[in-house]
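Novice: So you can see what is in the structure, the chains are spelled out below.
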Amino acid sequence: MAAGGRLMAILELSQVMKRYGALIVADQIDLELAQGEALGIIGPNGAGKTTLFNLIAGTVRVDAGAVSFAGRDITYLRAAERCRIGISRSFQIPHPFGGMTVFENVLVGATYGAGKGERASYGRVMEILELTALTGKANALAGALTLLERKRLEMARALATSPRLLLLDEIAGGLTEPECRELVEAVRQIRSTGVSIIWIEHIVHALIAVVDRLAVIDFGRKIADGDPRQVIESPEVREIYMGIEADA
Amino acid sequence: MTAPTPFEVSQATRTSRVAGVIAIAAVAVLAAAPLWAGRADMRLLSEIFTYLALASLWNLLAGFTGLVSVGQQAFVGFGGYMLFAIATFGGIHPLATVPIAGVLGAAVAVPVGILIFRLSGAYFAIGTWVVAEVFRLVFAQISTLGGGSGSSLPVAVVRSIASGRDLREWFTYWCALVLVIGVLALVYGLLSTRRGLALTAIRDSEVASESLGIDIWRTKFLVYIVSGGATAMIGALIFLQKLRISPDAAFSVNDWTAYVIFITVIGGIGTIEGPIIGTIVFFMLRETLADLGSIYLLILGLVAILIMLKSPRGLWGFVVERFGIELFPVRRRVQVGALQGEGKAPREPG
Ligand SMILES: Nc1ncnc2c1ncn2[C@@H]1O[C@H](COP(=O)(O)OP(=O)(O)O)[C@@H](O)[C@H]1O
Ligand SMILES: [Mg+2]
Chain A
19 MAAGGRLMAI LELSQVMKRY GALIVADQID LELAQGEALG IIGPNGAGKT
69 TLFNLIAGTV RVDAGAVSFA GRDITYLRAA ERCRIGISRS FQIPHPFGGM
119 TVFENVLVGA TYGAGKGERA SYGRVMEILE LTALTGKANA LAGALTLLER
169 KRLEMARALA TSPRLLLLDE IAGGLTEPEC RELVEAVRQI RSTGVSIIWI
219 EHIVHALIAV VDRLAVIDFG RKIADGDPRQ VIESPEVREI YMGIEADA
Chain B
30 MTAPTPFEVS QATRTSRVAG VIAIAAVAVL AAAPLWAGRA DMRLLSEIFT
80 YLALASLWNL LAGFTGLVSV GQQAFVGFGG YMLFAIATFG GIHPLATVPI
130 AGVLGAAVAV PVGILIFRLS GAYFAIGTWV VAEVFRLVFA QISTLGGGSG
180 SSLPVAVVRS IASGRDLREW FTYWCALVLV IGVLALVYGL LSTRRGLALT
230 AIRDSEVASE SLGIDIWRTK FLVYIVSGGA TAMIGALIFL QKLRISPDAA
280 FSVNDWTAYV IFITVIGGIG TIEGPIIGTI VFFMLRETLA DLGSIYLLIL
330 GLVAILIMLK SPRGLWGFVV ERFGIELFPV RRRVQVGALQ GEGKAPREPG
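Which chain is which? The protein sequence lines are A and B, in order.
Residue 149 in the working numbering sits at position 131 of the first sequence, with consecutive numbering throughout.
Residue 194 in the working numbering sits at position 165 of the second sequence, with consecutive numbering throughout.
Bear in mind the hints are in silico, worked out from the structure with no lab data behind them.
This structure is a prediction, so every number in the text was calculated from the model and none was measured.
Take these hints with a grain of salt, some might be off.
Claimed, not checked - Derived DEER-like restraints, expressed as beta-carbon distance ranges:
hint, chain 1, residue 1, chain 2, residue 2, range
1, B, F146, A, R137, 30 to 38 angstroms
2, A, P62, B, I328, 44 to 52 angstroms
3, B, L166, A, P62, 57 to 65 angstroms
4, A, G133, B, T42, 24 to 32 angstroms
5, A, S32, B, T42, 48 to 56 angstroms
6, B, W246, A, Q248, 39 to 47 angstroms
7, A, T211, B, T222, 27 to 35 angstroms
8, B, G120, A, R90, 54 to 62 angstroms
9, A, G133, B, I354, 32 to 40 angstroms
10, B, V50, A, R206, 48 to 56 angstroms
11, A, D91, B, T222, 53 to 61 angstroms
12, B, V236, A, D91, 34 to 42 angstroms
13, A, S86, B, F352, 48 to 56 angstroms
14, B, A54, A, E203, 35 to 43 angstroms
Glycine included, C-beta positions come from ideal geometry on N, C-alpha and C.
If we strip away everything but chain A, and leave its shape as in the complex, we get (with noise of 0.2 angstroms):
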């Protein structure tokens, strides 16, 4: 926390536009995260929320708006360099290295992403298959995984990078309800040694109960933001979210 009572930005986006041909999918996004915050990010199927993780992590440039990260204009940088001063992204539809290991594939974050040695690494690694409870995999081919695994592996690999904002999307899909708390548990303990989080996610009271703020897309732009109980009654909310059920 910074000093002087105000929470220093981790990241700041700032008009941010994405098209593609005539869709909008980032329509003058303004968002601001303080060091340390929990987001959480909700919306319809197509609203733009996983374009929005692709803009900050840089594996879509803006069209126009900026990027800055820890007060750093980034709009340029590309993903791996962003990995490496600290952002880092699951993906929704999970990219493992399928001919890898489990165990390899959390460890090309730490080594690249982290910018740890092999070997000094090891250790970080099986703690965090540990946290995402894929030791019992350590050896698997990742392309052998079950999707819900594979989910995990994303956010072990994300992990591993010792990111300072955690960017996760839509890992919750899926899981039993017991599954669902011990994932809340795990955010909250990465939540806890100090790392940022933006979390999309359609399981609303997951969020609720790891987040300080809720915001909404639609159709490409941020509708609300804010206090994530005040979000969810809000009438603007509520009619977009008729179908998904806020079961909070």
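Given the structure of chain A, go ahead and fit chain B with the ligands onto it with the hints provided.
Specialist: Okay, now just chain B with the ligands, sitting in the frame of chain A:
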């Protein structure tokens, strides 16, 4: 935090240790070839070595970094011409020019790489081929190197390799053996260390590699330059054995790329073992069928199509799937808890 569970990480397997011992024995036997093999056999073995080396390098490019080049003959021919130029006009011992050709090949790969790395996918492949054609046309213009019809290595230079024909052929044979071992060691070294993690990761998912901090462009570029340099060394050696060079032979897409792709694809692309199996199969086919002329080429094509249909990851992919064997283990295996109480587990700081 819970107390850390003891664990150990290793790469070797039992099969790989056995394979290592066999490999050392095989190298010893091959090094002693002048004692047991005739001139023709040694020539064939040299050729096998050069093809194995070329295929391993092409596999490194295409199988791991996704750089599908159909223009590696540019480096083979360039290396060959460098040998002729330096040995003829530089007065340097022909064997010593092989590493020099390698350095020059790597150097020329830098501008070529910068140019063609702007292209992707099929355009990259076409670009590499165009570059090779440009090389061919340029060397055909250099009249001191024989122009379009080529030239032979001057007798004085040939004599300077070694006193006597036998000794000369032994030297070039050993040179080929050293090169292929060097290339295999290079590929294995690249893949089994930290850099290999990046290469394999890029092979499996570029988008994930990038978001985990791997600089894809730099990694690929490095591999391109290394393989360009090594390919040029092999090219120099090939033409040191042939003693004659011409633009068409030096920059032959058939000889230095098509066969090499065949070898890699049937053996198993993206594995270290694949090119080895592929080379063995290729030479077995060639030695038994080459007299059939164009039918031989048809059979090669059929074999390639059959294997690609039946086992898309090549013969080695089939072996791995069936028997789970790894001769060059690049995978890291973790043993958790098994070493408890032995105090062998590494203690990791923080
Ligand atoms: N690379 C792309 N090219 C074209 N359209 C895309 C691309 N990526 C995403 N889209 C479109 O952008 C919209 C937003 O996608 P996305 O950000 O994945 O939404 P969400 O994560 O909120 O479900 C969708 O309509 C999707 O089809
Ligand atoms: Mg999405």
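Novice: Taking 39 to 47 angstroms as the stated bounds, is the beta-carbon spacing between B:W246 and A:Q248 within them?
Specialist: 46 angstroms, holds
Novice: Could you see if the CB distance from B:V50 to A:R206 stays within 48 to 56 angstroms?
Specialist: Given about 52 angstroms between the Cβ atoms, the range holds.
Novice: For the hint 34 to 42 angstroms, verify it against the beta carbon of B:V236 and that of A:D91.
Specialist: With Cβ atoms ~24 angstroms apart, the hint is violated.
Novice: Please check whether B:A54 and A:E203 have a Cβ separation lying inside 35 to 43 angstroms.
Specialist: 55 angstroms, violated
Novice: Could you check the hint for me, namely that A:G133 and B:I354 are 32 to 40 angstroms apart, CB to CB?
Specialist: Check passed, 35 angstroms falls within 32 to 40 angstroms.
Novice: Is the hinted range of 48 to 56 angstroms satisfied by the C-beta distance from A:S32 to B:T42?
Specialist: 53 angstroms, holds
Novice: With 57 to 65 angstroms as the target window, see if B:L166 and A:P62 comply at their CB atoms.
Specialist: Since B:L166 and A:P62 have Cβ atoms about 59 angstroms apart, the given range 57 to 65 angstroms holds.
Novice: Return holds or violated for the Cβ distance of B:G120 and A:R90 against the range 54 to 62 angstroms.
Specialist: 56 angstroms, holds
Novice: Does the beta carbon distance between B:F146 and A:R137 stay inside 30 to 38 angstroms, or does it fall outside?
Specialist: 32 angstroms, holds
Novice: Within 44 to 52 angstroms or not, the Cβ separation of A:P62 and B:I328?
Specialist: 58 angstroms, violated
Novice: Range hint 27 to 35 angstroms: satisfied by the CB atoms of A:T211 and B:T222?
Specialist: Between A:T211 and B:T222, where Cβ atoms are some 30 angstroms apart, the hint holds.
Novice: Should the hint that A:D91 and B:T222 are 53 to 61 angstroms apart at their CB atoms be regarded as holding?
Specialist: 35 angstroms, violated
Violation of the numbered hints given earlier is confined to hints 2, 11, 12, 14; the remaining hints are satisfied by the structure.
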